[in-house]
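**Student:** The residues making up each chain are set out below.
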Amino acid sequence: MQLQHIRNFSIIAHIDHGKSTLADRIIHLCGGLSDREMEAQVLDSMDIERERGITIKAQTAALQYKSRSGEIYNLNLIDTPGHVDFSYEVSRSLSACEGALLVVDASQGVEAQTVANCYTAIELGVDVLPVLNKIDLPSAMPDNARQEIEDVIGIDASEAVLASAKTGQGVEDILEAIIKRIPAPEGDPDAPFKALLVDSWFDNYVGVVMLVRVFDGTLRPKDKIRLMAAGSTHLCEQVGVFTPKALQRDALRAGEVGFIISGIKELQAAKVGDTVTLADRPAAEALPGFKEIKSQVFAGLYPVESNQYDSLRESLEKLKLNDASLHYEPEVSQALGFGFRCGFLGLLHMEIVQERLEREFDQDLSTTAPTVVYEVLMRDGRVIQVENPAKLPDQSKVEEIREPIITITVFVPQEYLGNVITLCNQKRGNQVDMTYRGRQVQLVYEMPMAEVVMDFFDKLKSVSRGYASLDYEFKEYRAADVVKLDILINSEKVDALSVIVHRANAIYRGRELAAKMRELIPRQMYDVAIQAAIGSNIISRENVKAMRKDVLAKCYGGDISRKKKLLEKQKAGKKRMKQVGSVEIPQEAFLAVLRIGK
Amino acid sequence: MSGRKVIPIVPHGQLATNTGSTALNFRSALPLSLYVHIPWCVQKCPYCDFNSHEARSGIPEKEYVAALISDLESSLPLVWGRRVGSVFFGGGTPSLLSGEAIDTLLTAFRSRLPLLPNAEITLEANPGTVEAEKFAAFRAAGVNRLSLGIQSFNPTHLKALGRIHDDRQARRAIEIAAAHFDNFNLDLMYGLPGQTLEQALSDVDSALAFKPPHLSCYQLTLEPNTAFAAAPPSLPESDCCADMQDAIEARLAACAYTHYETSAFAQPARQCAHNLNYWQFGDYLGIGAGAHSKLTLHDRGAWEVRRQMRWKQPKEYLAQVAAGQPVQEEFSVAATELPFEFMMNALRLNQGFDAALFEMRTSLPLIGIESELRRAEQEGLLERHLQHIAPTDHGRRFLNRLLERFLAERD
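Those protein sequence lines, which keep their order, are chains A and B. Note that the working numbering numbers the first sequence so that position 233 is 233, with each residue one more than the last. In the working numbering, each residue carries its 1-based index in the second sequence increased by 598.
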């Protein structure tokens, strides 16, 4: 295939704006899959992706399209995730493309996430091609949407393609526009091989699969490849493309997007962003690559039953094979026993990991409230990172605690503006900018990340009836007046319940948390005292009154087996609770801090 | 129809490894009781989870009496030579049977089993099915203890419980019972829908006016597979029920009733011998539809504690008895389960039990549960004096927690 007949593109869109549906439409039109193989949203291959209607991992499809002029084109579609937690995946995918479709719901207009991804594309020098989707809806207002694209993003939308992924209307026009307006890749098939490692994952049968975008040269099976950053060499076993089914090829050439399998056993050995070249004839210099992604949110994951620790470790190991952004290390909690402190890209990532552990790996988890990473300047001048509130050093040794500040961008229809501003103020946000963009308002705030991690996203959705959209990026660490809030049960500090909160909110949070714990802890044989404390200062006290009795009223000869089962069930239920001193605490109590105010 | 299934939970050969000691070895015979189940009622009460069926078109009395006798006969090899200390006609509503039927049955029992001369013979009666002549006939047949399911004297509460009698019938039934039986029991329930503490105490006082030798006071519990479980009535708060229990216990203690089991109270020497045998982990042979048995026996060269359940549906039971297979299910209790089963019964007794009783009833050494006993003792749920073990007041109230300590661990 000649370079001028290749187009590499991805799709940028907000969740629900129809990206996956459009991708499926395009694949279908190009004959990538037969009707029988078309399952709705084929590119979202994980169950969770399909259920939640989101894309987590980038997926690709190499498609053949016969244009209206009669020429055959090779269109490489690189699907991208739409959620802010996975924005790094978006920038990776975009690095492999020359163009991107900007899909905007013609009835809803531009959303925060779309804008952020669009800017990423423009920064990477990728041409953006606007598409107005859902044009079949009676509520579609293409002129408004077009205006918004021009106002908000600042690109020409006069030639935006009108389409409906649902009905198929305009999809061919999109393909024609791709050919006409997105540049063909450049590159020299005879130059030394040079390819960008866009993504990698673990396959149980063949080991690590590397998704690459070839910039120069040609790669064939049996060639010896070299990963430039890792400095390792491997024998290329297979090359091919995804259609989206994996299809072996005899070679991968400049301008193409495809996969390499070379018997690599560990995902860590094939780091995304590395440059693949030939060992015998290496490229002169490596491609720029990507920034290493750091975990933003941490939480403790513990097995409900302590004998499941090894099984949880194995599951995390397996999960990490496919999710290099997941970090974990062993941790011991007095209350929860042996478990792991895990680092995630964001809250959604955390939820997805939990869900996959529970569903795919059948793990029964106790989870602590998520926390951000604090930087602590010690009196002796050392700076330490604190990922677990229980590990915050004693106040007397601390000079300063710094918390991560993020810049958030919210797009919200005007009628909900007041609600959103109130919410942002409650969350200790500082307004940086407010701009009216047609029907919508763009708000920019600086906000402590800890506030966003707690429940900001849920609250934003609820105060705006789901219309507000959010994007955020890390800004800096800033000194903050935060304190550790401890929960004591019968005067015993429960490490897994400690949280770091702003001093101004500490008393309110402490009261709410203690009250919530009182609701969640069932009555026991003795009174249970719950206290919230800052340092040695008790700020709130609650009491779970002892239950008066727990006894079966009747038990005669015929009752034995049934009543025994009843007691066994009761005992099994208690086994799922965590023991703190003589108090039994149910799993959900460890997430109580997330349920304050609900 | 399928024949009887034998489901040994633990094969005999494995008992030794499970207990860490030698196989069960009983040195003396356990006391034996006979339970007779009558599975019919005029109407099913919404709280009742016993094996009872509404007798819409009368009951097949003759056929059932014959079946009970043949059921007993087929079970005789399991209890050969053992003397029977008590007989209990339970239900359902045994008072639906005629005096003649009870007479036939007791005569049949006596001729087939050595009944102790002073054996307690109890029959349960519903205050809604009481006739003076019938009670006289029961007495003449040899029944020497009557148990009346009064439940309450409050007409509103009786209605809420779906009882077929009202307060007037309740009083009349007790008068007739007291006229024919010097030994009788009244069943009361508390924690009824809409009941106050005063109302619960008033029920107890009404009962006390008849000077019953024995009283059973149960807290109403919603059992699975009952009408109440499907559509739960609104019951008093659990703290209120606990107040009721305290007040009832105090009232009965003041009237010289001994609180000897979780829900049972008796005048001196009037404890129910039949139920005591359950709670002291004695043996019992249960005949009739859905009846349960627990028999310690020596079979195929080894000791075992066998549990049996007879066919539940009256029709099926009759058919299976005719086929010589009254038992639907039976299994041998694993030695590892015996300590729990013993405790589940014996710890209901406020007086507790002697260490020797544990060893006699289970044939296991008490030392096998020493760590559990010690833990319960440390938690204040249990106390030990020399060779005597008893629940503390706290342990009595949290008996379920105490019993959990003795549940065998399983994966």
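Think of the hints as simulated: they come from the structure by calculation, not from any bench. Wrong hints could be hidden among the right ones.
[To be verified] The list that follows gives simulated cross-link-like pairs (lysine-lysine, DSSO-like), each with its CA atoms no further than 27 Å apart:
#, chain 1, residue 1, chain 2, residue 2
1, B, 642, A, 565
2, B, 913, A, 569
3, A, 563, B, 642
4, A, 245, A, 294
5, A, 563, B, 910
6, B, 910, A, 565
7, A, 575, A, 545
8, B, 660, A, 554
9, A, 320, A, 397
10, A, 571, A, 554
11, A, 569, A, 554
12, B, 642, B, 757
**Student:** Out of the numbered hints, which ones does the structure contradict?
**Tutor:** 2, 4, 8, 9
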